[in-house]
Amino acid sequence: MAAVAQPGATTVVQQSAGGNPWAGPPEGENVFGMITQNVSRLTEAKPPRAWYVAFAIALALLTMFGLSLAYLFYTGIGVWGNMVPVAWCFDIVNFVFWVGIGHAGTLISAILYLLRQDWRTAINRAAEAMTIFAVVCAAIFPGIHIGRPWLPYWMFPIPNQMGMWPQFRSPLEWDVFAVGTYATVSLLFWYMGMIPDFATFRDRSTTKIRRIAYGIVAMGWRGSSRQWHRYERAYLLLAALATPLVLSVHSVVSFDFATSQLPGWHTTIFPPYFVAGAIFGGFAMVVTLLVPARQFFGLKYIITLRHIELMTKVILGTGMLVGYAYGMEFFIAWYSGSLYEGFTFINRLFGPYAWAYWTMIFCNVVAPQIFWSRKMRRNVWVAFAVGVIVNVGMWFERFVIIGTSLARDFLPSSWGYYVPTPTDYTTLGGSFGLFFTLFLLFCRYLPTVAMAEVKAIMPEAHVQHGHGGAH
Amino acid sequence: MTRTPIFPRWANKLRLVAGLALGGAPIYLTGFVWYGFSPKTTDIGYQPQQPVPYSHALHAGELGIDCRYCHNTVDKASHAAIPATETCMNCHARVWPESEKLALVRESAQSGKSVAWRKVHDLPDYVYFDHSAHVTRGVGCVSCHGRVDRAAVVAQEQPLSMAWCLDCHRAPERHLRPPEAVTQMDWKAPEDPVAYGKKLREAGNINPPTDCSTCHR
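Residue numbers (my numbering), protein chains in the order written: chain P, 3 to 473; chain X, 4 to 220.
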């Protein structure tokens, strides 16, 4: 058998010690078989205890989310701390936060695919799933933010008895289309990628329910070369379609702010700044999810240290882009000579929300610098911790932009201070419950890793190369 | 590797059905909201039974009583008054004073309690509609209420939906007439109604606003 010590592929490891089957590598008659076994066993065997613990926590948070929303719907928007002048706060902060999270998935699945970055295959499925779930969380917030949760269909141009159409000149409406397109394309991309793996699950299934369920979603996949040919074509086309979305979605989200005249929002750097921030936060979330997943669900043999390291490099790079944007905002505030711009940024540094600003700077600019060290990049728990910190920082970035800009605009007489209510916190925390519940269900029932794609980039798949007559 | 197929042969047909259902669902939903939520579907034809079998066909049609005899505030206020029982009794003290059908009216006249008429044309509370603004500028009663003079029991004829209001606010000439003819149910324009309406519109400087705050204050 050929050596398997290949970066991005699998590494040779010892058999598990002790009784925990998840600690060691899965069995497999060869390397391909091991990949299949590794990915399938989480859906086939009884999952590790860590899964149950995590799922219980996620479900508890999800319940909190449901209760918060029920309370909101029953009582009204007044249960939030939003109050003029801060009419947008946690609702929109959370929306932008969750939409941003998704970007890493699209970047990994589309752009890295077109750039032939083969290492993406180990993580792209989970990242795409994360994208879908983040968009689900994001979509809830505009829906509840409008205050009449039974009327969100007004956001869509559906012919109606009121003769009323959405305001097509508003970036808020562009957002509906940008996020809608994003959700649709991401969902198609994700689902299409899973079809061959569903077929694997179907063929391995031992129970009737599994056979029928995976049989339906596998859509009759047989793995013939004609099917593969078309599949690869479609994948390429979808990747090309999804690529502009990486840039467009968060650009459009940033227009919600940039097209207004509020100092702190009215900024031309917003589109690229938001996109960089989204990829930054998205990769941080991928690391946050995948470090425990690989550790506890036995995926270490596919998602290797090399993947973690590459992702931390992306975090470091995009983190510095974000840091540059923070600096450039200050430069422009000074260079514009606008009194209000200047005040807004001084206010961010030293105003009543300075604590939020410095939290953001620490989390997004200072913390990722640790990744200059290779040792730290390869320490999964450091990567995990920084991932969490960056997520906190990216949430605070949106809070700083939205909340603090609104709290102090042109007229001192209309200034205010926003204080979130407990419901604001439970809604934010609860949205994580929804996210983690979906992700854990994904780990348990869907192919967490793109088995077919991982196999395709392994040395064994390229018989003509590098084996020098080992067969 | 041969194995028995998971799905029977007829499942292939199901695939087509599923595809159609999935693709058709958004179209169906759009159509459902468009048609199903429309007052054209839900409200037109609403014809509640009134406590007293009052016939507009008899009073306004056969007898030719002017609308404003009973609905006397229609050209002065936003609300078109439902007549007081005294208005009925002006005639019915002498006409059919013993009629069974009028028992409730007589009772109301004696007790001073109103007859519980049921509202047919009911706008949502967030709509501020002003009858006088329309009537004094020459929008005929018939434009919104239909041929009340032929209705034994009044029913809603127009959807009263927002799009329906806007249709007229955007092109009022189709429904304009000289203000003195507003209650005349069978009025016909002396020439092409739209051209005539345009003249009236110009003469009366009638430019109905379409801002949200016109109706939603």
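Since the hints were made in silico from the structure, they are not lab data. Even for Gly, the Cβ is constructed at its ideal location relative to N, Cα and C. Accuracy of the hints is not assured; some may be wrong.
Said to hold, decoys possible - Computed footprint of chain P on chain X, listed as stretches where at least three residues anywhere in the stretch have a Cβ under 8 Å from a Cβ of chain P:
(1) 114-127
(2) 179-187
Claimed, not checked - Stretch-level coverage of chain P by chain X, calculated; a stretch enters the list once three of its residues show a Cβ under 8 Å from a Cβ in chain X:
(3) 34-46
(4) 445-455
Claimed, not checked - Far from chain X by the CB rule (all over 10 Å, computed), these chain P residues:
(5) Leu-63
(6) Asn-162
(7) Met-164
(8) Met-166
(9) Tyr-233
(10) Leu-264
(11) Ile-459
Please flag the earlier hints that this structure goes against, numbers listed from lowest up. Violated hints: 1, 2, 3, 4, 6, 7, 8; rest satisfied.
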